[in-house]
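If you read the sequences in order, they're chains A and B. What the first sequence shows, in the numbering used here, is residues 625 to 1146, in sequence order. What the second sequence shows, in the numbering used here, is residues 32 to 154, in sequence order.
Since the hints were derived computationally from the structure, they do not count as laboratory data. Fair warning: there could be bad hints in the mix.
The calculated BS3-like cross-link candidates involving lysine-lysine, where the alpha carbons are at most 27 Å apart (straight line), are [claimed, not checked]:
id	chain 1	residue 1	chain 2	residue 2
1	A	K775	A	K1083
2	B	K42	A	K797
3	A	K776	B	K107
4	B	K107	B	K143
5	B	K53	B	K42
6	B	K77	A	K802
7	A	K914	A	K1018
8	A	K785	A	K958
9	B	K115	B	K88
10	B	K42	A	K775
11	B	K120	A	K720
12	B	K143	A	K797
13	B	K53	B	K115
14	B	K143	A	K776
15	B	K88	A	K776
16	A	K900	A	K914
17	B	K143	A	K688
18	A	K802	B	K143
19	A	K775	B	K107
20	A	K775	B	K53
21	A	K928	A	K904
22	A	K797	B	K88
23	A	K688	A	K818
24	A	K841	A	K688
25	A	K841	B	K53
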Amino acid sequence: MASYRVFCRNMKTSDVLSYIVKQNLRRCRRFSSHTDERQNYDLVVIGGGSGGLACAKEAASLAKRVAVVDFVEPSPRGTTWGLGGTCVNVGCIPKKLMHQASLLGEAIKDSRHYGWQVPDEVNHSWQTLVQSVQNHVRSLNWGHRVQLNEKKVTYYNGWGKFLDEHRIKTTLKNGDEKIIHAANVVLATGMRPKYPQEVPGALEYGISSDDIFSLQKPPGKTLVIGGSYVALETAGFLQGLGFPTTVMVRSICLRGFDQQMSQLVTDHMSNNAGVKFQWKTTPVSVEKTKNGSFSVRWRDEEGKEDVDHYDTVLFAVGRIPQTSNLGLENTSVKLKSDGKILQSQHEQSSVPHIYAIGDILDGGIELTPVAIKAGKLLAHRLFGNSNKVLDYSKVPTTVFTPLEFSSVGFSEEDAIERHGEENIEVYHAFYKPLEFTVAERPSDQCYIKAVCERTGSQKILGLHITGPNAGEIMQGFAVAVGFGISYEELSASLGIHPTSAEEVVKLHITKRSGEDPTVTGC
Amino acid sequence: MLVEVAEGIEKFLETVEKHSGKRIFALFCGGVSPATGESWCPDCVKAEPVIETGVAKAPEDAVFIKCSVGDRATWKDPNCEFRKHLQLKLVGVPTLLEWNTPKRLVEEECSKQDLVDMFFEED
């Protein structure tokens, strides 16, 4: 007590009171944890991916009691991973590293033109790549664990299931069950790859993006089924690493993206990168052969069937929201028919204290930065006296195919649909990256277009680029487009010479004019 | 859990070799100064009792190697072997790491009990 008095001597009465209250609270909390197994949280986040972790950490930094419940269900091939979700483990991060590995192979070829005396035969080790990629992924897993710990977020490595709208049962790895109580819940469970049910052998023998980045043996001759960006990126880096790769596409590639750009991406893949495309075909069956390879039978649009053999068959035909085994039937949370969570408004589900962010949110966008931003803003709305909401329009993204494709805003099709063709002006250019010239690389698919309003200062509605480092180029322009830059302002800007990015500010040929959009000279 | 003590990088690598196949935890600290009887590195001194508590939570069949990086001058040399070794690449002492994994706690992180507990408890 003596020390207590000394401690209090220099404090104001109100401070002393608040100190006493805090001490008592602490005592109560300590006491309650002994008598009551139930754990109370201001926020429980289910799903430890980009969005969930960002939301949890932000809420914790606002001095709230926060828990993250995360569990990775092994893929049908048995692949599993650590904390961090799709992006870190089986998405953005490993795919960008493998894309880079593939680009380096290109660079080795180019380098001969620049004087490097590279031996004719340069080999690639798949094992080394997988090891390096997995080492990095594991260091990120550990980093996430350390960050949660430092922010005092409780981590349950277990499967979370609603018992009712506030109680969540978490089944831990070792089978132990814990019931936690949540004042607010954020669902951020993401999506997992889909296998076509109607194709016998698909689930049994096929792999997915969940498995490719940790595949122990080189994939060899590979069939990638699907036209999604996951399919194209995977096919791109596999071919680049020297594995003969075929993409089997039912209808179109990169649905939702500008289709002229999509065409350029697939043209580059087939004409320059050596990827084979099998258009308008669907798989019929996958069988294992005696030598361990897989025999895939497929059907074209006329019903004609054919068959070929592959060492690896990878399905990239879409992803399923992970909402079916969360005990949502014990809540009034409403799902859309595709399994995504319906929002009343601003990431709020049909139950006011239950929210959804990231890939599982109906009307959301399946991108890491979107999930992160949504999660952070939500934490501030819940606990930080903020009313800021995420603007889901003009979200930039990049497809990391051998020739990268980056875009922000409306595709030409969408702009025409919304504004009418007569109200749209499209400025475009085919350009040649300087580094391609010496290396004698064809640049037929390096293209930029700005979809603009036709009148006034011509606000930019969408910007699209194919070319090397398209993602790096787009980031800065996306800021400008996000803030409503016009064509007039864009073309009043100065370029940086010599870069590919300067071609964006130099755009001057309209599609309507019919003039040749090929950039010549400086 | 088996505790080993190593002085210098060669001894450390030898000890790792001896226990290959097992989970190996390692702690790198500044050497004991003869004048004080304590490590010359204050963060190392501070971390010691925390790590002592945490180690109790490590799996039974694991090995814990305590390794000294030498006196202050040896450690501060940019060419110090502990800094240069490709698998170690130490940037600070104390460093707590699990061999062949990216798990690492550096400097003041080693004095945080919950981080240290987590380090020893989880795969």
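Tested hints:
1. A threshold of 27 Å between alpha carbons decides the hint, and for K775 (chain A) with K1083 (chain A) the separation of about 43 Å lies outside it, so the pair is violated.
2. With a C-alpha separation of about 38 Å, the suggested pairing of K42 (chain B) with K797 (chain A) is violated against the 27 Å cut-off.
3. Our distance criterion of 27 Å between C-alpha atoms is broken by K776 (chain A) and K107 (chain B), whose separation comes to about 34 Å.
4. Our distance criterion of 27 Å between C-alpha atoms is met by K107 (chain B) and K143 (chain B), whose separation comes to about 24 Å.
5. Note on K53 (chain B) and K42 (chain B): the hinted pairing holds, with a Cα-Cα distance of about 17 Å set against a maximum of 27 Å.
6. Between the alpha carbons of K77 (chain B) and K802 (chain A) the distance comes to roughly 35 Å, so the proposed pair goes past 27 Å and is violated.
7. Restraint check: the Cα-Cα separation between K914 (chain A) and K1018 (chain A) comes to about 51 Å, which exceeds 27 Å; the hinted pair is violated.
8. Of the pairs offered as hints, the one joining K785 (chain A) and K958 (chain A) holds, with about 16 Å between alpha carbons and a cut-off of 27 Å not exceeded.
9. Taken as a hint, the K115 (chain B) and K88 (chain B) pair is broken in the structure, with Cα atoms around 31 Å apart against an allowance of 27 Å.
10. A distance of roughly 38 Å separates the Cα atoms of K42 (chain B) and K775 (chain A); the hinted pair therefore is violated under the 27 Å criterion.
11. Using a Cα cut-off of 27 Å, the hinted pair K120 (chain B) and K720 (chain A) holds, with the two alpha carbons roughly 25 Å apart.
12. Taking the CA atoms of K143 (chain B) and K797 (chain A), the gap is about 25 Å. The hint holds against a cut of 27 Å.
13. Simply put, K53 (chain B) and K115 (chain B) have alpha-carbon atoms about 25 Å apart, close enough for the 27 Å limit, and the pair holds.
14. A hinted pair counts as satisfied when its Cα atoms are at most 27 Å apart, and K143 (chain B) with K776 (chain A) qualifies at roughly 12 Å.
15. Between K88 (chain B) and K776 (chain A) the alpha-carbon distance is near 20 Å, which keeps this suggested pair within the 27 Å criterion.
16. This hinted pair checks out: K900 (chain A) and K914 (chain A) have alpha carbons roughly 25 Å apart, not beyond 27 Å.
17. With a C-alpha separation of about 21 Å, the suggested pairing of K143 (chain B) with K688 (chain A) holds against the 27 Å cut-off.
18. Restraint check for K802 (chain A) and K143 (chain B): the C-alpha separation of about 26 Å stays at or below 27 Å, so the hint holds.
19. For the given pair, K775 (chain A) sits about 32 Å from K107 (chain B) by alpha-carbon distance, which is inconsistent with the 27 Å threshold.
20. A threshold of 27 Å between alpha carbons decides the hint, and for K775 (chain A) with K53 (chain B) the separation of about 32 Å lies outside it, so the pair is violated.
21. Simply put, K928 (chain A) and K904 (chain A) have alpha-carbon atoms about 11 Å apart, close enough for the 27 Å limit, and the pair holds.
22. Proposed proximity of K797 (chain A) and K88 (chain B) is supported: the alpha carbons are some 18 Å apart, at most 27 Å.
23. Among the hinted pairs, K688 (chain A) with K818 (chain A) is inconsistent with the structure: their alpha-carbon atoms are about 37 Å apart, more than 27 Å.
24. Of the supplied pair hints, the one linking K841 (chain A) and K688 (chain A) is violated, its CA atoms being roughly 46 Å apart against a limit of 27 Å.
25. For the suggested pair K841 (chain A) and K53 (chain B), the alpha carbons sit about 25 Å apart, so the restraint of at most 27 Å is met.
Of the numbered hints stated above, those contradicted by the structure are hints 1, 2, 3, 6, 7, 9, 10, 19, 20, 23 and 24, listed in ascending order.
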